Structures are given as C-alpha cells and as structure tokens.
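Chains U and W, in that order, are what the protein sequence lines are. Quick note: the first sequence uses the working numbering, first residue -8, plus one each step. Quick note: the second sequence uses the working numbering, first residue 143, plus one each step.
Hints were generated in silico from the structure; no laboratory data involved. A quick note: this is a predicted structure, and the numbers were derived from the prediction, not measured. Take these hints with a grain of salt, some might be off.
[To be verified] Among chain U residues calculated to face chain W with C-beta under 10 angstroms, some are:
#, residue
1, Val28
2, Gly35
3, Glu37
Using N, Cα and C, we set each Cβ at its ideal position, and we do this for glycine too.
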Amino acid sequence: QVQLVQSGAEVKKPGASVKVSCKTSGYTFTTYDINWVRQASGQGLEWMGWMHPNSGNTGCAQKFQGRVTMTRNASTSTAYMLLSSLRSEDSAVYYCVRPGPARGSFDSWGQGTLVTVST
Amino acid sequence: QSALTQPRSVSGSPGQSVTISCTGTTTDIGNYIYVSWYQQHPGRAPRLIIFDVSQRPSGVPDRFAGSQSGSSASLTISGLQADDEADYFCCSYAGSYTFVFGTGTKVTVL
Chain U
-8 QVQLVQSGAE VKKPGASVKV SCKTSGYTFT TYDINWVRQA SGQGLEWMGW
42 MHPNSGNTGC AQKFQGRVTM TRNASTSTAY MLLSSLRSED SAVYYCVRPG
92 PARGSFDSWG QGTLVTVST
Chain W
143 QSALTQPRSV SGSPGQSVTI SCTGTTTDIG NYIYVSWYQQ HPGRAPRLII
193 FDVSQRPSGV PDRFAGSQSG SSASLTISGL QADDEADYFC CSYAGSYTFV
243 FGTGTKVTVL
C-alpha cells in the first residue's frame, strides 16, 4: 500500500533552515506530485506547495515564495522540503501528501514532522 | 490567498445530521469543481473523505455527502456517530496549481 514516512522532529533557532524528508513506497514515485501542508498547534491546515518528482517542477503558495525549496531523490523515492529563514510562526507539524488521480484529492499523508522554532 | 471560511464548531446528537459550510470566492470554490473534505482526529494526520465536491473514496461511508453551490461548499454527516467527533477541513483548487484549505470545524457528538 502507499506509504509516506517522514523524518523526525526538529528544533531550530530563528533564522535557521530545516529540511524535512518524505520517503515514499507502494507506488511509482515519479507518477504523482508530492505536496506539503503544515498545521500549527491547534490551527488549521495550510497548503505550502508541490513538486513533480519526474520533472522536478515546483510551485508554492505566494507567502512561501523565496523561502521554500522542494527537491527529490528519485533513486530512493524520497521528497524533501527545505524551509529557510525560520521564525517562530513556522513552528508547526509539516505533512507530505500524495494526491490521488483527482485534482486536490490528497489521499495519502505522511505521519507529520514537528518543527519547533525557538530561541 | 485567504483561507476558506468554516464555522468554528457544530454539534449534534447521535443519529442526527450536521452540515458544515465552507465559503470561498469566485477565484477558488466558485471557479472550480475541485473541492475536497478531510477528517482529522486529534494527533492524527487528516483523512480524505470527499473529493471532486461529492465523490467518496473507497471505504468512506455514504453518511458523508458533499455539495457545492456558487462559491460555497457543504459537507453533511448523517446518522452521526461517536467516531465522527473530529475536526473537518474543506479544500479547494485555486488555480495555477495552488490550493487553499478552510479554517476548520470541530464536530462534537453530544
């Protein structure tokens, strides 16, 4: 079955960067986009961006432009999300998500990675 | 892109029906048929329960029904059960391969 397994929790200082990994299995990695969604504690879901593993093409929400970089290693079926210039408001659980065949049908989620930004 | 607007909470007794609204604009819900809904229990990742406005993935009971009218969408849960108590989020395609989520609604089973 489809599985997305993310890297462990991170604690970072303001201004630093964090890189979250998402190892996929159970399907052909290059066939589906990988999206990233985050959720601050007690808050709603926030869509961050997407990457197509085959082409490497990416896109993101306007508020993350210039701060988020999405990459992949097709040989290990792993996607990565790098968020730079961290601030306290970036403290959240970050999810990698694989959509189904229908647009916006995010049907497979990683377990989430808690990123804490604190002095 | 602003978050879609949902009521903060709704509640109902077991067996009753509840409806959650999701209000967007003509740049998201009002312009596309790609509305999805997610259920999230505490400490868990979200789970897709509706896609393409009203389609249910395999394994999702037909007690969950989605609809859309203009720039708003709705999720109705009928025959409310204790396990339906969770947070629910809508999501819409917003063009140029961007998406926007709703603010989230907590469903309480009384």
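A quick look at each hint next to the structure:
no. : hint  : verdict
1   : Val28 : holds (8 angstroms)
2   : Gly35 : holds (4 angstroms)
3   : Glu37 : holds (6 angstroms)
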